[in-house]
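Engineer: What follows is each chain in one-letter form.
4 protein chains.
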Amino acid sequence: MAEELSHYKVREALCERLRDMYAHGWATGTGGGISARVGDEVILAPTSVHKERVQPSDFSVKKLGGAYLEQPFKASQCTPIFEAIMQVRDAGAVAHSHGIYPVRAADLAGRKPYLTIAGLEMLKGVKDCKNDQAHHVPVINNAPEEDQLTSVVRKALTDPMSAKAYCVLVRNHGAYIWGKDIDEAKRHLEIYHFLFEAVWGRALGRALKLGSR
Amino acid sequence: MAEELSHYKVREALCERLRDMYAHGWATGTGGGISARVGDEVILAPTSVHKERVQPSDFSVKKLGGAYLEQPFKASQCTPIFEAIMQVRDAGAVAHSHGIYPVRAADLAGRKPYLTIAGLEMLKGVKDCKNDQAHHVPVINNAPEEDQLTSVVRKALTDPMSAKAYCVLVRNHGAYIWGKDIDEAKRHLEIYHFLFEAVWGRALGRALKLGSR
Amino acid sequence: MAEELSHYKVREALCERLRDMYAHGWATGTGGGISARVGDEVILAPTSVHKERVQPSDFSVKKLGGAYLEQPFKASQCTPIFEAIMQVRDAGAVAHSHGIYPVRAADLAGRKPYLTIAGLEMLKGVKDCKNDQAHHVPVINNAPEEDQLTSVVRKALTDPMSAKAYCVLVRNHGAYIWGKDIDEAKRHLEIYHFLFEAVWGRALGRALKLGSR
Amino acid sequence: MAEELSHYKVREALCERLRDMYAHGWATGTGGGISARVGDEVILAPTSVHKERVQPSDFSVKKLGGAYLEQPFKASQCTPIFEAIMQVRDAGAVAHSHGIYPVRAADLAGRKPYLTIAGLEMLKGVKDCKNDQAHHVPVINNAPEEDQLTSVVRKALTDPMSAKAYCVLVRNHGAYIWGKDIDEAKRHLEIYHFLFEAVWGRALGRALKLGSR
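Residue numbers (our numbering), protein chains in the order written: chain A, 1 to 213; chain B, 1 to 213; chain C, 1 to 213; chain D, 1 to 213.
Since no wrong hints were added, every one of them can be taken at face value.
Same chains, same label: a pair holds when it works inside one copy or across any pair of copies.
Each computed DSS-like pair below joins lysine-lysine, with the alpha-carbon atoms no more than 30 Å apart: (1) 62 to 130; (2) 63 to 9; (3) 127 to 9; (4) 209 to 112; (5) 155 to 180; (6) 74 to 127; (7) 164 to 63; (8) 74 to 164.
If you're looking for bench data, these hints aren't it; they were derived computationally from the structure.
When you get a sec, could you build the whole thing from the sequences and use the hints?
Structural biologist: If you want it as structure tokens, here you go:
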């Protein structure tokens, strides 16, 4: 998709995603971020700014795994993670959510390396995922600086157990969620946030045995 | 109602409903759907697209229980279910919600074939329902593919216990909600989602004995 | 206030309130309602319609406690309750909320005739109420038909225990909330809904002893 | 920042913040407030009005710690607190939240003089705060009148334990949150409200042992 849109349209689409992420509570307090790939170039939202205010001219551009072509603002610390996901999973767009349900979902996983989600139709919204199979989302520990997560994210991306996941959860932090293009990343953002909220509420309901009353 | 509006106005009204359903969290991640009947023709929203972006020209049209007249996009897997509800209950509009509270409400029902709702004024928002009678909403099991639900939905629709329900809950999945026209389907959508959220919160409150403190 | 505005401006202000009430979830599914007094005339929103769509020409007008002057649509069943509150409490505007937190707040009261709220700064948003005094909101039982509540509401309005309340809670149903004019009714709507949500969450927190961890 | 903008632009930015605070539920029912410093002058939103309706001409202006230069409406009772935070912490903008999560967060602190927050990436959204250090937010008791809080706020501001906090929580009431300018105050508003909601939900999850299931 990305190659068919002009760079400008991609930037506009990313701005729209950021406004939407802010409205959903996934990119408040300048947190969160987004990037897209156009051919071998990566378009990156600026860091440390109010994400819902980002304009098309605010994005940095760099060669995937290479040098910056444009850098009007400080590059996101997430950049190596975004690039790793693009390289290892051939993602066309990667979002970073600072939502509250990714944090709660990672809490649910406890010390396990995966959050296992099953028994929810919305699993079908994850590419190639079925509603009668367990879906394993890798959960990694947070680090003091975001770029320190890169090697751990890379490892999670190649783990066969989480091969079908389009998301990496980071404990106490949030989630990286991606797709082959911006629209699939949007779908996966909405699907995973639904799933995380659903499993948290279901865990609460089970703890209080609501279903048996 | 549907017959008095032109096809185009019906499509516009369905687009408005889809945007509203998205905003309420009932049709995120490309989930959910909607359809309306105009005479003996059924107008169907496309599947696998971001529902809030659907435009009037995106709808398919088919004879009720018959052949497609227009099909610009892949037909929804819900189509036979929408048609079953139109045929058995004479519905003029049927929506499919992927909201989180239908899933929680179905959880509350446990293995019972109905969710029984009582003691809430908003029950009066369901056509011909009173606030001092128990209302039984049928709950069916989910299936790997949506069209596999059709026969079970048909059976639920003719079950005398749920004769007054304008909703079928699908475990782990969501709900089909309908009305004689788009406006009544809108009312029922809002009413049932309110009821599902209310009974879930009430179950939580009872489990923790909040009312006695 | 009401007398200084033309009838038309009052109707526009009521439409704005209804859209706002819908957006807050206090008037969904055609539930809820609103009315204002202009001199000895009462302006009433129509019943059984989607409240966020109400237009200025849709309102009925009647003499307070007297005959209808205009009645383009069916009069609300709440009318005698709205009038009782205007007569007994000299209210200039009365809203009827079908929100979820009034229902939960009434649940908290159990069988007691009052919900007692204390220890919240937002109590100061209720006219003449202080943050270091307990505030008693009367809670009455629901009835099959709304107009059957009138005499019970009248009794609650003259009960000395709830003399400082600008709200009557109806179990399983919602709340009547008023003010001397539309703006004060708006403030009270927001304040009481905040208080109801706050006390419900606080009861939950206390039940689980969250504060001591 | 403030000095670079004209007074009028500061007022417009404050109006935008108030509308945003209202939309987030932090300034409903006429509650909450905001102020900014331009050089040695303080610009103050009016009290007792619907905050989302405030217009640029509605603000009062006074010398920091001195006399009023303009006062179209009654001055906020928060004024001495806003000034104390500007003086002691060199804040350029101070907001007062009447949100529900500041109240719940203060409940979590119990009788302790601080709410300690740790293990959340969003802590990095607080200026100079790291995600691997505990963050201490001072919690003070409420008082019948807001200006009675001033000396207690002053004391909290100079307490070494809470030296890195850009927030003072007031039990049963809300929070004062600030930054070096309006944009930083906006970031801190969003960050602290996220943190309060996160710790409340986490406490709930821990009480019910959700993580170990």
